[in-house]
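Heads up: the sequence lines are chains A and P, in that order.
Using the working numbering, read the first sequence as starting at 1 and increasing by one per residue.
Using the working numbering, read the second sequence as starting at 1 and increasing by one per residue.
Bear in mind the hints are in silico, worked out from the structure with no lab data behind them.
Careful: at least some of the hints might be erroneous.
Said to hold, decoys possible - Computed list of lysine-lysine pairs in DSS-like fashion (alpha-carbon distance at most 30 angstroms, straight line): (1) 381(A) - 195(P); (2) 248(A) - 195(P); (3) 223(P) - 476(A); (4) 476(A) - 18(P); (5) 56(A) - 195(P); (6) 196(P) - 56(A); (7) 53(A) - 223(P); (8) 24(P) - 476(A); (9) 311(A) - 197(P); (10) 223(P) - 202(P); (11) 53(A) - 381(A); (12) 196(P) - 53(A); (13) 56(A) - 417(A); (14) 197(P) - 56(A); (15) 53(A) - 24(P); (16) 50(P) - 178(P); (17) 476(A) - 195(P); (18) 86(P) - 223(P); (19) 223(P) - 2(P); (20) 2(P) - 53(A).
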Amino acid sequence: MSQSSLVPADYQARLPQNQLILGEPLEEERIDVDVLFVGAGPAGLAGAIQLAKLVKEDNESGNGVGEISIGVLEKAGALGEHSLSGAVLNPRPFRELFPDVSDTDLPFRTRVEKEAIYLLSPTRYRRIPTPPTMRNHGNYVASICEVVRWLGERAEEVGVDIFAGFPAGALRVEGDRVVGIRTVASGLERDGSPGSSYMPATDIAAKVTALAEGSRGLLAQSYMEWQGVASENPQIYALGVKELWETKHPLDRVIHTMGWPLPRTAFGGSFMYPLEPNLVALGLVVGLDYRDANLEVHELTQRMKLHPLFKPYLEGGELVEWGAKTIPEGGYHSIPQRRHGDGVVILGDSAGLVDVPSLKGIHYAMQSGMYAARAIFAALKNDDVTAKQLSAYDELLNDSYTVHDLYRTRNMRPAFKSGFYTGAAKAGLMTLTGGRFPGRRIDMEEDARAPRATTECEELTYDGELTFSKVDAVFKSGNVTRDTIPSHLIPGEKVGAELASFYSHMCPAAVYEEVDGQLRVNAPNCVDCKATDVLGPRWTPREGGSGPVYKRM
Amino acid sequence: MKIAVCIKRVPDTETRIKIAADGKSIDESGVKFVLNPFDEYAVEEALKLKEQSNGEVVAICLGPEAAQETLRTALAMGVDRGILLKAERLPRDPLVVARALAAELEQGGYDLALFGKLAVDDYDQAVGTIVAELLALPSVSAVTRLEITDGHATAQREVEGAVELVEFSLPAVVTAEKGLNEPRYPALRGIMLAKKKPLDIKEVELDEGGIEVLELTLPPDRKSGRIVGEGAAAVPELVEALRNEAKVF
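With the rest of the complex left out, here is chain A (with noise of 0.2 angstroms):
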């Protein structure tokens, strides 16, 4: 029953540059190094191991490049903590950079033996072909928190320093060059004054500085967008809603579905592994194109969790964990055209090096920061980290497996903005030519654009046992940001009851309600999915450690 239709993109504000954009000296009190990665995910995770290790050899064959400070920085907590995947996840660039260590001594939960993809109607299920992008043979099933936290003790064990609970929030920046990044002030009170634990922003100087924030990076997008790099097609996203069970019924196989719960205007798909056969991660994952201003991924994860297809496997157990986050789902034509430029390099999800046809992004996400490593190590070796060093990352990356792969399945997500099944029977076409059909781009256009439409629905009255309000997903998401902490999010300047609605369904963690008419937000919520930034208020930086605490997701 569609009655107005609504253009989220109408509404957004944009993103307020000259607070994340700073041309000004450098403190005095600032801290030098001389490599910086933003974010202590797999992308700078694996980067600065791999630039550490190029460093030491080079300097035990004598004639080296001397001592070379590296630093990591994370705005969550401790490492792993804002961290949320799957994830099957594919070894191959774990072997490339611990040649040393066996596969079973890689922080991995089991090996994926049996596999089974389903399609879903309201009450059955049917199992389908695999399509050979989603064979995950020789895979395994990990948890990103445990391989994140291993990630971090290599790269403490090879001297590298990372802070954890230090977000970046501003690019330091002379003219064109990036010249290192401001950390974000802690113990700010709600109306923004210092607050009696009050720590100022830190500037860090760096000599690169490589930017490996995640989906949706914030200094990622504003460098791009002050420096005019564009992509082929705007990059899109999904938004993926993530359970961890203990069950009572195990689990052998891992498992993905089509078709329900979701409507036929929405891309998307569910997934169950097991990490333990009584340890499950489940999930549902849905573009955010959607159509339907109603559709809440987190009731749909919810919902879905009571079809015969899970329900067996989670009567009786117990939800461990929660939490969201968003996936760049646009692909190679939404990679950015130039990924370095004067002092920096972008990595992993802030580059969009995802694969959706196959699900992965963690082993592209550390090859780019290998590759990274490379480039950075040749330039600290010139002493010329200008865009043209810096460039020998992008040249790295295009001629490596990652662009290759990114490559061949390049149209099948675009496939899928024309619905369902014409999207699946062009996809099959597009992997029988090897990415050929349709033998053009396929456009698409930023998710903010597309219109939504309300439509009826029933509501879901969550149980507590198998399906779970929001407010009691966000504490299962191990959230305890202070209640006094200042809104890190940045509404449009008009927000009516219509939009605050939408917002209010699109948020997974409750951050938004609709009340009389007006938006209300409750920011201490949010987990950082970034949901919002793609298509509601923007996302800013909070205090560190705010936000989710995840341990196994």
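Given the structure of chain A, go ahead and fit chain P onto it with the hints provided.
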């Protein structure tokens, strides 16, 4: 003034505790460890005293190899150096722990030894006081205010229904109560500097002591709350529930 702060590595209070297979200890896999919150007050107080009168602050931690991280947190806050008394397992008996710490403190020539009032993992509230006894020093526990001038100290303690003011001379052992101060967060610069501060590791041999854990169990699940209604109309049902369900009348 030379100040020692004795600190402990404990599971984060937000951690979901699981009992290990032996039924007597907690399963440490996936558990995040932190500096005991009461020890943060002790560290903060030591740093404040140092800021007033100069001197040196030394953090001493009895714990496993991984407790180096706990010491680094204290160093990042501003402590000058750290000593890890390395023992793979801590015995349950606070007397054994206190003996090891007292032996280290005795040779340090400290004017003041600060402890947290208790460690949030065992709630013993014993180690600081036992150390004072072993070293034959004044013991002032659970202080909420501390002032030191020329080797002479006054402290405020909150006791049941009153505030007690005590005087004592240094050297002494003081344990910190919540409210003594607001512990600082380690600043970025502090974390950088902490990596280069000295941290001595000394192996210690501990006996099992006189206390044995027989069994460790989780508290029973709490029943979830229930909203009986709204306004005056809900009162009879609320009274009924308080009388017959909660049995508070």
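Next on the checklist: Output the indices of the hints that this structure fails to meet, ascending.
Outcome noted: 2, 7, 9, 10, 13, 15, 17, 18, 19 and 20
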